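Visitor: As they're listed, the protein sequences go chains P and B. Heads up: the first sequence begins at 1 in UniProt numbering, then just goes up one per residue. Heads up: the second sequence begins at 1 in UniProt numbering, then just goes up one per residue.
Derived from the structure by calculation, the hints contain no laboratory data. Nothing here was measured: the structure is a model prediction, and the numbers come from that model. Every residue, glycine too, gets a C-beta built ideally from N, C-alpha and C. Treat the hints with care, since some could be wrong.
Stated by the list, open to error - Facing chain B, a subset of chain P residues (Cβ under 10 Å, in silico):
(1) Val51
(2) Leu115
(3) Ala147
(4) Val163
(5) Gly286
As the list claims (entries may be wrong) - What follows is a list of derived Cβ distance ranges for each label pair:
(6) Ala227(B) x Pro205(P): 46 to 56 Å
(7) Leu93(P) x Leu220(B): 48 to 58 Å
(8) Asp260(B) x Arg77(P): 31 to 41 Å
(9) Ile94(B) x Val114(P): 34 to 44 Å
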Amino acid sequence: MSTSMTPRSSVPQQTRPDQAVRGNGHGVVAAPPGVPQSPLEASSRRSRWVVALLLAAALLWTLVPLIWMLLSSFKNRADVTSATPQVLFAPTLDNYRNLFTGSNNLGPYIWHSVLAAGISALLAVCLGALAGYGLARTQMRGKKHLAFWIISTRMAPIAAVVVPLFLIFRGIGLIDSIPGLVLAYLTFNLPFAIWLMSAFFAEVPASLEESALVAGCTRWQAFRTVILPLTKSGLVTTFVLCLVFAWNDYAFAVVFSGPNSQTLPIAASQLVTQTGIDWGQLTAIGTIVVVPMMLAGLAVRRWLVTGLTLGAVTGE
Amino acid sequence: MAHVADSSPALSRSAPTRSTAPKEPRVGFEGRMMTPGLILLAALSILPFLALIAMSFSRVRLLGGVRLELVALTNWIRFLTDADMWMSWLRTIIYFVLTVGLEMALGVGIALCLYRVLRGRNVLLSLLLLPMFAAPVIVGLLGRYLTDSTFGLYAWVLRSLGYTGDILGSPATAFAAVVLMDVWEWTPLIALITLAGLSSVPQSVREAAAVDGAPAWMTLRYIIFPAIANVLLVALLIRSMDAIRYFDIIWVTTNGGPADATKIVPIRLYETAFRFFDLGYAAAIGLAMLAFSIFIARTFVRLLDTRGLTR
Numbered sequence: 001m002s003t004s005m006t007p008r009s010s011v012p013q014q015t016r017p018d019q020a021v022r023g024n025g026h027g028v029v030a031a032p033p034g035v036p037q038s039p040l041e042a043s044s045r046r047s048r049w050v051v052a053l054l055l056a057a058a059l060l061w062t063l064v065p066l067i068w069m070l071l072s073s074f075k076n077r078a079d080v081t082s083a084t085p086q087v088l089f090a091p092t093l094d095n096y097r098n099l100f101t102g103s104n105n106l107g108p109y110i111w112h113s114v115l116a117a118g119i120s121a122l123l124a125v126c127l128g129a130l131a132g133y134g135l136a137r138t139q140m141r142g143k144k145h146l147a148f149w150i151i152s153t154r155m156a157p158i159a160a161v162v163v164p165l166f167l168i169f170r171g172i173g174l175i176d177s178i179p180g181l182v183l184a185y186l187t188f189n190l191p192f193a194i195w196l197m198s199a200f201f202a203e204v205p206a207s208l209e210e211s212a213l214v215a216g217c218t219r220w221q222a223f224r225t226v227i228l229p230l231t232k233s234g235l236v237t238t239f240v241l242c243l244v245f246a247w248n249d250y251a252f253a254v255v256f257s258g259p260n261s262q263t264l265p266i267a268a269s270q271l272v273t274q275t276g277i278d279w280g281q282l283t284a285i286g287t288i289v290v291v292p293m294m295l296a297g298l299a300v301r302r303w304l305v306t307g308l309t310l311g312a313v314t315g316e
Numbered sequence: 001m002a003h004v005a006d007s008s009p010a011l012s013r014s015a016p017t018r019s020t021a022p023k024e025p026r027v028g029f030e031g032r033m034m035t036p037g038l039i040l041l042a043a044l045s046i047l048p049f050l051a052l053i054a055m056s057f058s059r060v061r062l063l064g065g066v067r068l069e070l071v072a073l074t075n076w077i078r079f080l081t082d083a084d085m086w087m088s089w090l091r092t093i094i095y096f097v098l099t100v101g102l103e104m105a106l107g108v109g110i111a112l113c114l115y116r117v118l119r120g121r122n123v124l125l126s127l128l129l130l131p132m133f134a135a136p137v138i139v140g141l142l143g144r145y146l147t148d149s150t151f152g153l154y155a156w157v158l159r160s161l162g163y164t165g166d167i168l169g170s171p172a173t174a175f176a177a178v179v180l181m182d183v184w185e186w187t188p189l190i191a192l193i194t195l196a197g198l199s200s201v202p203q204s205v206r207e208a209a210a211v212d213g214a215p216a217w218m219t220l221r222y223i224i225f226p227a228i229a230n231v232l233l234v235a236l237l238i239r240s241m242d243a244i245r246y247f248d249i250i251w252v253t254t255n256g257g258p259a260d261a262t263k264i265v266p267i268r269l270y271e272t273a274f275r276f277f278d279l280g281y282a283a284a285i286g287l288a289m290l291a292f293s294i295f296i297a298r299t300f301v302r303l304l305d306t307r308g309l310t311r
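Full structure from sequences and hints, please.
Guide: Here is the structure:
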């Protein structure tokens, strides 16, 4: 399948021949074999141009800022702030080199980001898998209310969560520490992971556990050895999305972190000073922050729809 | 999902008493699985929520340890009588409608185009998705770079089209710029979700319409849109709730300015709390935001429920 919809029985069989017809890469809406050229075919030649043009515009709009950031990160000081855009220039690694030498060395920031985002995502996946499984299988009364409470903690405005958390963290000494950041990130990653993993577990037929129980497993063994391996893609997707959310966070980090825990987005914003911005270094940091998450995101693209709609669309 | 396993004899070894009444309200295996996550989540959400309520009725002192001094309704009265605050809500709503509206329109448009592409669709989609994974702070700072009046690429393009003003320096254009930055980042999400919806529309129905000579817009209006309405709803509501949450882009580009033009509620809350350290008042604003987002989330879940999309 070309998209992330999981193949389910509810998807009508008619899509199958269509896949085959589409496979030959001819015609916009190809007629099924045997039916003469559809009336759409005539108008499609014109509309094909329109489609191509629109997509080209969308690509341009999407990619130009990213390409510009990448290019600028290899420019020297004069080219970065040149009044006429420089497309051809002598590339230099100075911006990246300056990031790792000198007073504000980026190393610790990267380390803090990796630690805080990584641990938070890992914890979210572990606890989320357990709780998600429980949520998917439980028959308890008030299950809907429980599910709503979980998701509402994820939907809560960041700014409204940060304020009381700041007070609590200050009280128990979690300001400017990696555990503090991990906990802060869990406020949005944990509900997300629970909800998402429960969507993935709901896809696994309960009869599989039944067979495992008949075969003599305890429920925990059935979960560990039969069900969990079947949701490997769910675990990876959840981990990656949690990682991206935490890695990209600025709102929590700017409030809770200090010299011992500042993350990459903070490093980027600190380049903005009263005396101006070193755009060369900034575009270099931008590249360092953005590229790994893009690669991670694309790696789980097949399951992105499930992930980003919290399973609501897959269930269709 | 039916709890078949409960009635099977094999289970009686691990849970002998549960075989007859699967619905009895006691902590079973599922409950034990949920416990660690839910306890942590409760600690991370209920405690701050209670703190938020307490703070909204207090003046918060931070010097020499945290102290709350009860001030009754002072913060709330201030909240309701603050004219600037009402302007911020208005701005928030405009910002919200513009970003989500543009994202929906463009996202659905891109998805419809992508759906007609046969070769290279996956590569195209991957490229179009990239902004979603960019940190909003970087998006904002990059936006500042691109719109800088002396060396920004987009400012240069606009200059050659005849516009010479400072984009982030005047209210209307600054507002438009922060809206477009958000649109740049999140339109791909809508396109991705819509494309998934389109892929589930049976091809035979579309062909039947085509054979009957239905014009493209009619196929779109009467066949495609009804078929993907549910998916669009999910996309709309997911995006709505995230649009209320985020503020990073504005915080690093305009900081609410110029002349408060981009000061939406989250920005005001942030500066109230962490620039003026008026945490009590910030808590009142936060509670109002929370109520607003829960209202939207409720609507979301109810709509999905009536359409049978939740499990």
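Visitor: Decide, hint by hint, whether the structure agrees.
Guide: These are the hints, each one checked on the structure:
| no. | hint | result |
| --- | --- | --- |
| 1 | Val51 | holds (5 Å) |
| 2 | Leu115 | violated (17 Å) |
| 3 | Ala147 | holds (8 Å) |
| 4 | Val163 | holds (5 Å) |
| 5 | Gly286 | holds (4 Å) |
| 6 | Ala227(B) x Pro205(P): 46 to 56 Å | violated (27 Å) |
| 7 | Leu93(P) x Leu220(B): 48 to 58 Å | holds (50 Å) |
| 8 | Asp260(B) x Arg77(P): 31 to 41 Å | holds (34 Å) |
| 9 | Ile94(B) x Val114(P): 34 to 44 Å | holds (39 Å) |
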